[in-house]
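Trainee: Sequence:
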Amino acid sequence: MRLTMYPNLLVPLLTVLALALAALVLVAVRQPVSRRLAFRQVARRRTEAALVIGGSMLGTAIVIGALVVGDTLNFSVRQEAYRTLGPVDERVVAPPGPTGRAVTERLAALSDDPDVDGVLNAQATQASAVSRAGDRTAAEPRVLAWQMDFDDASRFGSPGGGSGLGGPNPKPGQVVVNEPLARSLRVGAGDPITVYLFGAPQTYRVERVVPERGLAGVGLGGRLNRDVFLPPHALDHAARVSGTEPRSVTFVSNRGGVESGEALTDRVTADIREALGPLAGQTAIETPKHTVLRDAKQAGDSLGALFLMIGSFSIIAGALLLVNIFVMLGEERRSQMGMVRAVGMKRSRLVGSFTLEGATYALLSTLPGVAIGVAVGWGVAVVAAQIFQGWSVGGSSIRIAFAMTPTSVLNGLAMGLLIAFAAILATSVRISRFNIIAAIRDLPATPGQGPRRRLLAASTTLAVLCALVAVPAVAGSQPDATYLMPALALAFATPALLRVLPRHTTTTLVAGAVLAWTLLAPVIRPRIFDTPSMSVYVIQGALSAFSAVVLVSDNQRTLLRPVRRFLQRPTEGGLAARLAIAYPLAKRFRTGATLVMYTLIVFVLVLLTEISGTLRAGVDGVVADATAGYSLRLDYNPHVAGDRLIPALRDGPSAAGVAAVTPLLNATGRASDPGHRSSQPLDTAVVGVPDGAITGITFRERLPGLTDDPAVWRALATDPRYVVIDGFFGSTGGPAGDYYDPGDALTLTDPRTGRSEEKVIAGVLSNGLVFYPGTGASSTTYPAVMGEHGMRALFGPQAQNASALVRTSPGTSPDALAAQLQGEQLSSSLVATPIETDIRQQFDSSTAFFRLMQGFLALGLGVGITGLGVVMVRAVRERRRTIGILRALGFRARTVQRSFLWESSFVAVEGIVLGSLLGVLTTWLMYSNSAAFEGLEGGFPVEWTSIFGLAAATFAASLLATIGPARRAAAIRPALAVRVTE
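Here my numbering is used: the first residue of the sequence shown is 1, the next is one more, and so on.
Heads up, a few of these hints could be off.
Distance windows between CB atoms, simulated [as the list claims (entries may be wrong)]:
id: 1; residue 1: Phe955; residue 2: Arg564; range: 48 to 56 Å
id: 2; residue 1: Thr99; residue 2: Val11; range: 31 to 39 Å
id: 3; residue 1: Glu824; residue 2: Arg186; range: 33 to 41 Å
id: 4; residue 1: Ser348; residue 2: Pro681; range: 54 to 62 Å
id: 5; residue 1: Leu468; residue 2: Val11; range: 17 to 25 Å
id: 6; residue 1: Val11; residue 2: Pro681; range: 27 to 35 Å
Because the hints were derived from the structure by calculation, they are not lab data. A virtual CB, placed ideally from N, CA and C, is assigned to each residue, including glycine.
Whole structure, please, built from the sequences with the hints as guidance.
Mentor: As structure tokens, this is what we get:
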């Protein structure tokens with residue numbers, strides 16, 4: 001079973017598409033004249049048809065590519081359920097000793113539960129392993145040692161479902177290892193390995209290596225588990241020798257398959273609690289399958305929505321391309337349309353002809369659009385696989401595997417076609433409105449005297465309503481409405497303003513006001529970005545691009561005043577320049593639509609470039625905030641290390657490189673969401689800090705009355721009510737926002753005992769990376785830091801010293817010390833993570849991810865360049881007679897070619913400059929006001945080199961798209977052009 005993005009949209013989209021296609025078929029059947037006109041135009045204009053199909057194809061490809069990216073991530077995360085769980089739906093972890101044995105006996109009764117497929121008992125402990133072959137030594141501190149009966153394991157789960165582990169039990173002196181552990185140790189069947197069980201080395205020979213699947217990849221919460229399966233009773237014997245007992249783990253499989261059984265989780269969990277009775281408070285009852293599948297849906301939806309948001313700008317550009325093309329078609333065929341209307345064709349049939357023609361282009365683009373979209377999704381998956389490796393903790397990153405579902409392909413196909421149909425229909429209706437006599441005589445259209453009374457009344461009413469809605473929306477910082485409602489109110493007020501102001505003044509005032517509000521809204525209401533939704537960014541970008549283009553288009557003559565002297569020069573170059581700007585100034589709608597395409601795409605590309613540059617500039621400050629002088633985070637097995645590890649670090653062989661060690665208490669908890677985004681409890685890594693040990697780690701927000709950062713740490717030590725968290729607590733994807741503040745409360749729960757306490761947020765960390773688990777825990781496990789005494793009071797014996805922060809001595813390399821400490825403390829399963837290296841690696845991966853999104857958006861740039869090419873191709877055909885007359889009057893072919901190249905350059909440069917300015921300005925406003933950029937103290941750099949490179953590449957591509965039409969224009973023969981109109 002594969003979950004797809006937006007499955008609930010499939011039926012509505014296909015229903016609307018079926019109705020649209022039925023309407024088109026009805027028009028084609030009932031209006032044969034309209035059908036013949038439409039299909040004849042498609043067959044006659046093959047070059048233009050190919051360009052139109054290409055633009056529509058890219059729009060469909062972008063939608064499908066974004067949905068396939070969501071499918072891929074969704075599928076990749078869901079594969080964790082197959083790799084690390086298989087038939088396991090619930091996991092019950094009991095403490096060692098009599099309690100563990102009693103839990104095992106009570107859970108045996110679940111075998112008769114009709115909702116349960118199987119119950120499997122096992123024992124486990126955290127271990128480490130080393131292999132030696134000649135001069136080569138490979139060590140792995142992150143190992144889980146298991147003792148389970150292979151016969152029982154093979155029968156675990158639904159019949160025929162495959163548990164992932166079977167065959168005979170390993171013989172004495174032999175072990176079975178899974179593929180991740182075999183890769184880490186570089187061993188195969190027959191090789192010797194040494195396993196440290198409870199701190200004591202035991203030598204075994206590898207009997208076989210099993211694929212990481214189901215029980216063979218099972219763990220206790222990690223995404224990547226390196227498992228070794230011991231012979232029967234071997235773990236019990238090692239525990240007795242060390243004077244302890246292993247943990248008791250019981251796996252429960254719900255009725256059904258790997259994913260379908262998850263639906264019974266709540267019911268079976270209740271049965272488990274009932275079976276345990278009073279022992280339920282002493283065990284951890286976990287639902288890992290539910291967590292994995294929930295994470296899969298969140299991750300897939302989040303990344304898919306992100307790429308769909310980025311692609312939305314390209315989709316808008318594609319729709320504008322279709323609108324622009326049909327406006328040009330209408331202008332070119334104006335005389336023809338006037339004549340067919342004069343001989344009796346109804347306007348509705350003219351609309352039908354244009355709509356059928358456009359629909360034909362859109363339908364012809366579907367199959368190549370699907371193919372390109374799937375290819376784009378595959379390419380993103382390949383690059384994303386490399387990027388996610390950089391976000392890994394101990395190799396535990398999400399393993400990206402390409403996947404797509406028919407539902408997403410159909411959704412994307414339907415969306416692309418419906419967007420194209422809507423754009424074509426709206427444009428067809430608009431261009432069908434003309435004066436028949438003026439069209440036959442090919443006279444220019446004259447603007448109306450003013451808005452009609454009905455339009456004036458309706459628009460004024462809508463303006464007032466939008467203004468009334470805007471007031472509470474802006475006051476409440478509602479993201480979408482804060483941008484949309486004031487802008488719509490201004491737009492609807494335009495007819496009323498035209499009654500008292502000239503058209504030019506009205507357009508300039510309205511466009512300028514919309515642009516100013518779009519840019520200043522984050523300054524006035526900075527919390528509008530505190531939302532995981534991506535729609536606010538699409539609205540902001542579209543409004544700023546459209547309003548800026550309208551403002552520029554209506555004031556072109558003013559903007560060209562500085563170059564007026566050059567334009568008026570009586571030279572061939574001046575003449576070519578005047579020709580180059582004459583048509584863009586005369587055809588403002590056409591020029592504006594092309595400008596919007598360029599502006600939108602360049603705006604987002606520059607925005608991503610600037611965000612990436614801001615991250616790079618701020619990495620040094622983030623490292624300083626996150627580490628406060630600490631260089632390493634250590635995670636180890638508290639049952640083996642006991643109280644001896646910290647003194648060993650301070651006085652052992654590597655003591656010269658260790659300046660200070662701060663031990664941390666650790667426990668697993670659950671917390672409510674202080675931002676109230678979800679009612680589900682959040683998996684929490686609770687960390688207890690010793691009194692007075694940490695004072696240098698900084699906060700971006702503090703509780704009123706706590707005047708500095710050390711005061712927050714003192715408050716944690718003296719008052720058990722307080723906790724501190726970071727800005728990503730409870731985040732489920734999308735940009736980080738400001739969802740909670742110091743003083744807000746959350747409920748922290750010990751899942752073993754069920755005991756809960758309400759805690760008050762004393763501060764929000766500038767960066768909490770050092771407190772995140774360093775051993776590959778789930779990506780949705782969030783740290784909550786509190787004082788040592790308060791933590792022991794809530795979690796009791798579960799709170800154990802299992803991690804530490806280390807300051808290195810001057811001149812000591814953290815990376816070298818990390819490797820040295822892992823070797824010295826291998827028996828304690830110590831994992832040393834260099835904090836600065838880890839942070840920089842994650843920042844590099846974030847930068848690579850932004851480059852990936854820029855590559856995805858390059859498709860939209862292709863739409864813009866295609867649009868410019870279509871405009872120039874159509875311009876050659878439209879101006880054929882004019883060019884012939886100019887050539888007959890003595891204009892040289894070189895002048896005509898130069899004027900076409902300069903015309904495309906004029907449009908491209910304006911779009912590039914507008915998009916670049918808006919991108920830099922918008923990013924700066926976001927950097928100054930959005931909580932997503934808090935903690936980045938490297939300043940706001942303007943990435944001149946990258947922006948100039950982007951501008952140069954876009955400009956060069958635009959010229960290449962225009963060279964062909966320019967040469968065709970220059971090659972027109974005057975005599976033929978003047979006499980023949982095609």
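Trainee: Confirm or reject each hint.
Mentor: Hints versus structure:
For the pair Phe955 and Arg564, the beta carbons lie near 23 Å from each other, so the given range of 48 to 56 Å is not met. Distance hint check: the CB atoms of Thr99 and Val11 are about 52 Å apart, inconsistent with the given range 31 to 39 Å. Evaluation of the 33 to 41 Å hint for Glu824 and Arg186 yields a failure: the beta carbon distance comes to about 21 Å. Separation of Ser348 from Pro681 is about 59 Å and conforms to the stated range, judged on CB atoms against 54 to 62 Å.
Between Leu468 and Val11 the beta carbons are some 36 Å apart, a value that contradicts the proposed interval 17 to 25 Å. For Val11 and Pro681, the hinted distance range of 27 to 35 Å is satisfied, since their beta carbons lie about 34 Å from each other.
Checked against the numbered hints listed earlier, the structure breaks hints 1, 2, 3 and 5; every other hint is satisfied.
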